[in-house]
Amino acid sequence: MDERTQARALLAFAGGTLHTALFAGFVILITYRGGGVQSLLSNLSPVVGVAAFLVFWAGLIGATALGLGQLHWPPIESAPEAWPIVGTAALIGGGVAVVIAASIAGPFGLIAFPVGLIVGAALGLIDAVILRLVEAVDPPPRLGDSDRAALHGQVR
Amino acid sequence: MHLLAMAVMVGGSAVLTLAPPGRAGALRYEWAFWAAAGLAALTGVGNIGLRGTLSPADSPWGGAFQLKLVSAALLMMMSFGRCILILRGASRTRTRAAYGATVGVAALTTLLGVVIADG
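Protein sequences, first through last, are from chains V and U. Residue 3 is where the first sequence starts when you use the numbering used here, and the numbers rise one by one after that. Residue 8 is where the second sequence starts when you use the numbering used here, and the numbers rise one by one after that.
Do not rely on the hints blindly, as some may be mistaken.
Simulated restraints on C-beta separations [stated by the list, open to error]: (1) V:V57 with U:D125: 31 to 37 angstroms; (2) U:M8 with V:T33: 37 to 43 angstroms; (3) U:G59 with V:V49: 18 to 24 angstroms; (4) V:S80 with U:S98: 19 to 25 angstroms.
Which residues of chain V face chain U? A few of them, derived with a C-beta cut under 8 angstroms, are [as the list claims (entries may be wrong)]: (5) T19; (6) T22; (7) L24; (8) A26; (9) I30; (10) S41; (11) L43; (12) P48; (13) L127; (14) I128; (15) L135; (16) V136.
To give an idea of the interface, some chain U residues facing chain V are shown, with a C-beta separation under 7 angstroms as derived from the structure [as the list claims (entries may be wrong)]: (17) A43; (18) A44; (19) A64; (20) L76; (21) M83.
Calculated from the structure, these hints are not laboratory results. We treat Cβ as the ideally placed atom computed from N, Cα and C, and that holds for glycine.
Using the sequences and the accompanying hints, generate a full structural model.
This is how it looks when you write it as C-alpha cells:
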C-alpha cells in the first residue's frame with residue numbers, strides 16, 4: 003500500500019469513527035434532554051443494538067472513504083477548501099439517510115434525505131473547522147524564491 | 008470493555024507524551040486509538056441502556072452526564088485534528104503537545120465517567 007492509500011485508509015477510519023461517535027452522542031444528548039433516551043434504548047435488545055451500531059459505524063467509515071475519494075484528499079498537504087467538504091458531506095449524508103430509512107420504511111425512506119443532508123453538512127462543517135485549526139497550528143512551509151521560480155518554470 | 012478502551016486512549020497518549028515515537032509508530036497508535044474510540048462509543052451507549060432509570064437532566068448527575076457527552080465529543084474532535092497533524096508529518100514537539108492535550112481531555116472524560124457511574 004502506498005503512502006497516499008495508507009493515509010486515506012486511516013483518515014476514513016478515524017473520520018468515520020468520529021462521525022459515528024458525534025452522531026450517537028448528539029442523539030443520546032437530545033433524547034436524554036427530551037426524556038426519551040430510556041425508551042429509545044430499552045426497545046433494543048443488546049445483540050440488535052450492538053449489531054446496529056457496528057453496521058452504522060462500518061457504513062460511516064465507508065461513507066467517509068467515499069467523501070475523501072470525491073475530494074481527492076489525501077495527498078495530505080493539499081487540503082480541500084471548506085465548502086466542498088461541507089457540500090460533499092451533505093450529499094453523502096443524504097444518501098446514507100435514504101439507504102438507512104429505505105431499509106426500514108421502503109420507498110418512504112426518501113423523505114429522510116433532507117435530514118441526512120443537514121446532518122452530513124453539520125459533520126462536514128466540523129471536519130472543515132478541524133482541518134483549518136490544524137493548518138493554523140501547523141502551517142504549510144512557505145515557498146522560498148527558488149521554489150517559486152521552479153513552479154513558474156524559470157529554473158534553468 | 009469501556010474502561011479498557013479508555014485505558015488505551017488515556018494510557019497510550021500518556022506514554023506517547025513522555026516518549027513521542029517517530030511517524031510510523033505514531034500512525035500505528037492512531038489505528039489503535041480510533042478502534043478504542045469506536046469501542047468506547049459503542050459500550051458507552053450500551054451502558055446507558057443497561058443503567059435503568061436515569062436522573063433528570065437538571066439534577067447534578069444529569070449535569071455531569073451531559074458534560075461527559077460534551078467532553079467525549081471534544082476528545083474525538085481534538086483527536087481527529089491530532090491524527091491529521093501526524094499524517095502531515097508534524098514535528099515531535101507538536102506531536103507531543105497533541106498527545107498531552109489528548110491526555111488532559113481524556114482524563115477529564117474518564118473522571119466524569121467515574122462521577123456518573125458512582126452517582
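Does the nearest C-beta of chain U fall within a distance shorter than 8 angstroms of the C-beta of A26 (chain V)?
6 angstroms, holds
Is 37 to 43 angstroms respected by the C-beta to C-beta distance linking M8 (chain U) and T33 (chain V)?
23 angstroms, violated
Let's test the interface hint: is any C-beta of chain U closer than 8 angstroms to that of L135 (chain V)?
6 angstroms, holds
Just to be careful: measuring from the Cβ of S41 (chain V) to every Cβ in chain U, is the smallest value less than 8 angstroms?
Interface hint status for S41 (chain V): violated (11 angstroms vs cutoff 8 angstroms).
Per the CB criterion, is L24 (chain V) less than 8 angstroms away from chain U?
6 angstroms, holds
Identify whether the interface hint at P48 (chain V) stands, where standing means a beta carbon of chain U within less than 8 angstroms of its own.
Holds - the Cβ of P48 (chain V) comes within 8 angstroms of chain U, reaching about 7 angstroms at its closest.
Just to be sure I understand the hint, the distance between the Cβ atoms of V57 (chain V) and D125 (chain U) should be within 31 to 37 angstroms; is that true here?
33 angstroms, holds
Checking hints one by one. Is I30 (chain V) an interface residue toward chain U, by the C-beta closer than 8 angstroms rule?
OK, holds: I30 (chain V) within 8 angstroms of chain U, min 6 angstroms.
Does the Cβ-Cβ separation between G59 (chain U) and V49 (chain V) fall within 18 to 24 angstroms?
19 angstroms, holds
Hint validation: M83 (chain U) versus chain V, beta carbon distance must be below 7 angstroms. Holds or violated?
Hint holds; M83 (chain U) Cβ to chain V Cβ min 5 angstroms, cut 7 angstroms.
Under 7 angstroms, Cβ to Cβ, is where A44 (chain U) needs to be relative to chain V, so tell me if that hint holds or is violated.
5 angstroms, holds
Status of the A43 (chain U) interface restraint (C-beta, 7 angstroms, chain V)
10 angstroms, violated
In summary, the structure is inconsistent with hints 2, 10, 13 and 17 from the numbered list given earlier, while agreeing with the others.
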